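Letter by letter, the chains look like this.
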Amino acid sequence: MRREFLTFAVFILLSGCSWLTRPSSRVEVENTYRVVEDPTVILPKVAYFGSFSFPRDRRFMIPLINQLFQDIGSKKYSKIDREEILKNFGGRISVNFSDDGSFVFTADSTAAGFETVNDLLVSLVVSPDFDEEVISMKKGVVCENLRRLRDKPFQLAFVTVRDFLAPEIRPQLDCGLVMAQTKDTVNDFYRNLTLRTVKAVATVRSKSISSGLNSLKAKGILAETQAAYRPELANRITLVWVKAPFSNHTTVWAVRSDSLRSNKRYKLRFASRVIGEDFDSPIFKSIRTEQGLAYVVDGGWSADFQRGFFYFAVQHQPDQLQKVLANLISFVKEPTSSQIDDKTVQRNKIREKRRIIFEKESVFQSAVYDSLRAVFGVPPNDDQKYLRYVDQLDTEEFKLDLQNLVSQFTEKNSVIVVVGETDPIEAVQAALKDAVKDPQEVSVIKASFDENFKLLY
Amino acid sequence: MVKLFANTTVLLLCMTFLFADQSSELNYHQELEKIRGLVGRIEERKLENGIKLAILRLEHAPTFTYVVGVRAGSVDEPKNQKGIAHFLEHLAFKGTKTIGTKDFSREEPLLKRLWELEKKLVQNKLSKTERDEMKNIRAQLRDLWITEELQARLADLGGLDINASTSADFTKYYGRYPSESFNEVMSIELSRLLEVVPRQFHEERQVILQERSMRVENDPVGRMYERFIELAFPGEPYRYPVIGYAKDLLRLTPYDLLRFHQDHYVGDNVAVSLVGSVTKEDEEHLKTLFARIPANDRKTLDFTPKKRFSRGIQVSGEFGTKAIMVGFKKDVFPSLEDVCASLASRALFDSKFGLVTKKIVEEDRLVSGVSSAEVPGVRFPNVILIYLPTLIDADTNSVVKSFWKHVADGIFMLKDEGLIDRVKGMIVADVARVLENRMSLADWMVESLLLYGSTRQMIDMVEKLLALEAREVFGCAEDIFRKENSVVLISNK
Chain C
1 MRREFLTFAV FILLSGCSWL TRPSSRVEVE NTYRVVEDPT VILPKVAYFG
51 SFSFPRDRRF MIPLINQLFQ DIGSKKYSKI DREEILKNFG GRISVNFSDD
101 GSFVFTADST AAGFETVNDL LVSLVVSPDF DEEVISMKKG VVCENLRRLR
151 DKPFQLAFVT VRDFLAPEIR PQLDCGLVMA QTKDTVNDFY RNLTLRTVKA
201 VATVRSKSIS SGLNSLKAKG ILAETQAAYR PELANRITLV WVKAPFSNHT
251 TVWAVRSDSL RSNKRYKLRF ASRVIGEDFD SPIFKSIRTE QGLAYVVDGG
301 WSADFQRGFF YFAVQHQPDQ LQKVLANLIS FVKEPTSSQI DDKTVQRNKI
351 REKRRIIFEK ESVFQSAVYD SLRAVFGVPP NDDQKYLRYV DQLDTEEFKL
401 DLQNLVSQFT EKNSVIVVVG ETDPIEAVQA ALKDAVKDPQ EVSVIKASFD
451 ENFKLLY
Chain P
1 MVKLFANTTV LLLCMTFLFA DQSSELNYHQ ELEKIRGLVG RIEERKLENG
51 IKLAILRLEH APTFTYVVGV RAGSVDEPKN QKGIAHFLEH LAFKGTKTIG
101 TKDFSREEPL LKRLWELEKK LVQNKLSKTE RDEMKNIRAQ LRDLWITEEL
151 QARLADLGGL DINASTSADF TKYYGRYPSE SFNEVMSIEL SRLLEVVPRQ
201 FHEERQVILQ ERSMRVENDP VGRMYERFIE LAFPGEPYRY PVIGYAKDLL
251 RLTPYDLLRF HQDHYVGDNV AVSLVGSVTK EDEEHLKTLF ARIPANDRKT
301 LDFTPKKRFS RGIQVSGEFG TKAIMVGFKK DVFPSLEDVC ASLASRALFD
351 SKFGLVTKKI VEEDRLVSGV SSAEVPGVRF PNVILIYLPT LIDADTNSVV
401 KSFWKHVADG IFMLKDEGLI DRVKGMIVAD VARVLENRMS LADWMVESLL
451 LYGSTRQMID MVEKLLALEA REVFGCAEDI FRKENSVVLI SNK
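Read top to bottom, the protein sequences are chains C and P. In this text, residue positions in the first sequence follow this note's numbering: the first is 1, and each later residue adds one. In this text, residue positions in the second sequence follow this note's numbering: the first is 1, and each later residue adds one.
If we strip away everything but chain C, and leave its shape as in the complex, we get (with noise of 0.2 Å):
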């Protein structure tokens, strides 16, 4: 019975990573490190967080980056270290850098070990070793994995709906450019990478935290970057069409939405569970469950800390796709006459309560959430704000909202990416028919791949 989650998928997709170690004026150490007691806690553990930012126009070192900073040793633990190390006290590194300006380095290990490991971690941030032979191995890696992208239907999908969505972060999936990099382009492009602010949370009191933290400098507050749309999608529907092997459809219709800090955060919240998070949603059930059009069926707000978008997504056979389409259509045309009624509303609201709850079974996770979202100007007691406006919120006033939300699927400014063998172009235009003003707006896009695995349009 399982349901696939597509949510933040595109951004964890093309999460990638880096780092500075830049001198500057001022160091904030204090009151960043924060200290939790977890009960449920058997290996100590800590992770440092924050923003940082990094030149737009080389997107595709993100994912090189952290593909990296999985061997390399530093300038004071060199690779065997790194591995011995980890091998002797069980530990566990990650380093990642995400392309909306934040980053989580986390490590855990066994007690005996952990102040070792930890300083590992540092170390391998402030000043790591980018070893030609390893920047070698892992180009390929990075290409690879870029090639089996083409297996992955979703991925492919939210890429394509991001590219168009977000086109000032656009992925720039190209394995030429990977591959065209050389030591001296990755050690410039880590120089030049900037950490804005740096947090720890960790479940033990730790000097080489501590350290660790006036190691990791960090300067200035990482500005919230707007873009414009892609050209091709003003005031109209893009359809694109990514022709790849699969005999099924992958069809996701995304509009442009706001991010994590935005202001309209708890709106995009509630309005994102209320539609399709729960099995007894109304697109899923009347997708999935009274017609059986398909096993995948999704849909909400999915966001980071800079962009965000609204979307639907269903995997079907390409038969069914003006069918799976008029559903959506009617969905978005009018929200609250499809099952949204003043009922499901109060019934949300009293989940949305009752959920709250879970954030007390794991400490240091909260803690982590809590104070990265803090990082971006989100208030640390964000949920229980959150709470407070599911509580006041007005049935009526959120249904206008909805509507108006989801409006913006037909009325302007949407793709529509459907991957797959069989060309959708006339089921989707037969679909979507009735539902604009002017046949005229339906922009259509075949994309394929060229020789570096570049989704061409």
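Everything labelled a hint here was simulated from the structure, so no lab data went into it. Keep in mind it's a predicted model, so treat the numbers as computed, not measured. Hints should not be assumed to be uniformly reliable.
No farther apart than 20 Å at their CA atoms in a straight line, the calculated lysine to aspartate or glutamate pairs in the EDC-like style are these [said to hold, decoys possible]: (1) 79/C x 364/P; (2) 454/C x 393/P; (3) 280/P x 59/P; (4) 75/C x 188/C; (5) 34/P x 460/P; (6) 405/P x 460/P; (7) 285/C x 161/P; (8) 79/C x 161/P; (9) 152/C x 211/P.
For this one, chain C is given, so just place chain P on it according to the hints.
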């Protein structure tokens, strides 16, 4: 042995023992004590009808996580009904005689007539009159049904991760809830263990066929895996895919599913694990509820499992990806061989530090990574599967050749006590990570109850592993990781 040790480990690297100046046992002693303490706190009960229950009380948050496990996996399916266990798991969300319907007494005759007509529909034998009748019945049923009521009620109780899964060995239902919802959640769980009503049977079959299309027909690795288990388990129940075959799924009737439910959802086949804030009153309530499940004995499977392949097999084909799967047959826990094989496998094929991984990924640069797992289940002798996604410019035959060379070299290195000691430490750390997560802990508890009758085997497994000496690991690796005991499936593109 349960999934925990499935993903492998280590490499003995040349030579800097810079940080190996104390024995690994000291390195993980503290964690081992915590693990023993935690597992020691698990309380076990057995009801008169055979149902087993394990509870770990964690009071710091007013929530609980549960897994209800049923020994009803794809291995238990009758001939020509492959996929029935998974189909039943889907239908278990459709409700009962009191959930999902406004009036079951009116619904039942309509349902039965609909099933007859739908059977004809699948066989293309439906007349026009019958088609109209079917349409009419569906319309009446839509008025009677409360679609997804069971799901909605669980969500209303504050549930998260409400879901279920079917494997070769088991079907499991699980979720996380506020403690205040305990009684109602368990009542709903009980109701579907007692009875299911196969509502929307025809539609759900379409959903499952679509799921199969996603997981197998449209996934190169899925296609490859289906072929792999056919090759690895000829004549054994593990050879069939959990999702089943389209031809079987189309043949199944609601009555087949009801029969499978009646045969397998019985006392001795059911176990429940609870982790979190669970009171004595909650426990008593659960025991009273679950005592209503019939006490029938489990059915034994009539076949003789083989612990080794009789000869090595290598097959090539095109599955839409360039990759290699290599499988080695072995016995399962409580056989000591299982523990030994897990340790050796971790040393050789760990995705990061495995002796073979380091060579074939970093030095030879033939594959983008190495992953390993025990498949398809843990009730009968199974296979350690190694997956090698081959780089685009590498030749698959070279990968296979190189793989065998590194396996032979790697096995020789397993004689090193220091290496084995450190792999043990890594496994202890992994066990700790599993126990830190409530859902994975509850899952492990329920599998232990169904497999061995007690969660004590969880710690027994770890203790046996820690007691192994390098020469024993070397011995079992030599016996298991050899060509004569392997199935190799090569996908050239």
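Comparing the hints with the structure gives:
1. A C-alpha spacing of about 18 Å is found between residue 79/C and residue 364/P, which places the hinted pair at or below 20 Å, so the restraint holds.
2. For the hint pairing residue 454/C with residue 393/P, the CA-to-CA distance comes to about 18 Å; that is within 20 Å, so the pair holds.
3. Restraint check for residue 280/P and residue 59/P: satisfied, since their Cα atoms lie roughly 13 Å apart, inside the 20 Å limit.
4. Annotation: proposed proximity of residue 75/C to residue 188/C holds, straight-line Cα distance about 16 Å (limit 20 Å).
5. Between residue 34/P and residue 460/P the alpha-carbon distance is near 15 Å, which keeps this suggested pair within the 20 Å criterion.
6. Our distance criterion of 20 Å between C-alpha atoms is broken by residue 405/P and residue 460/P, whose separation comes to about 34 Å.
7. Between residue 285/C and residue 161/P the CA atoms are separated by roughly 18 Å; this keeps the pair inside 20 Å, and the hint holds.
8. Distance restraint check for residue 79/C and residue 161/P: the Cα-Cα separation of roughly 39 Å exceeds the 20 Å cut-off, and the hinted pair is therefore not satisfied.
9. Taken as a hint, the residue 152/C and residue 211/P pair is honoured in the structure, with Cα atoms around 15 Å apart against an allowance of 20 Å.
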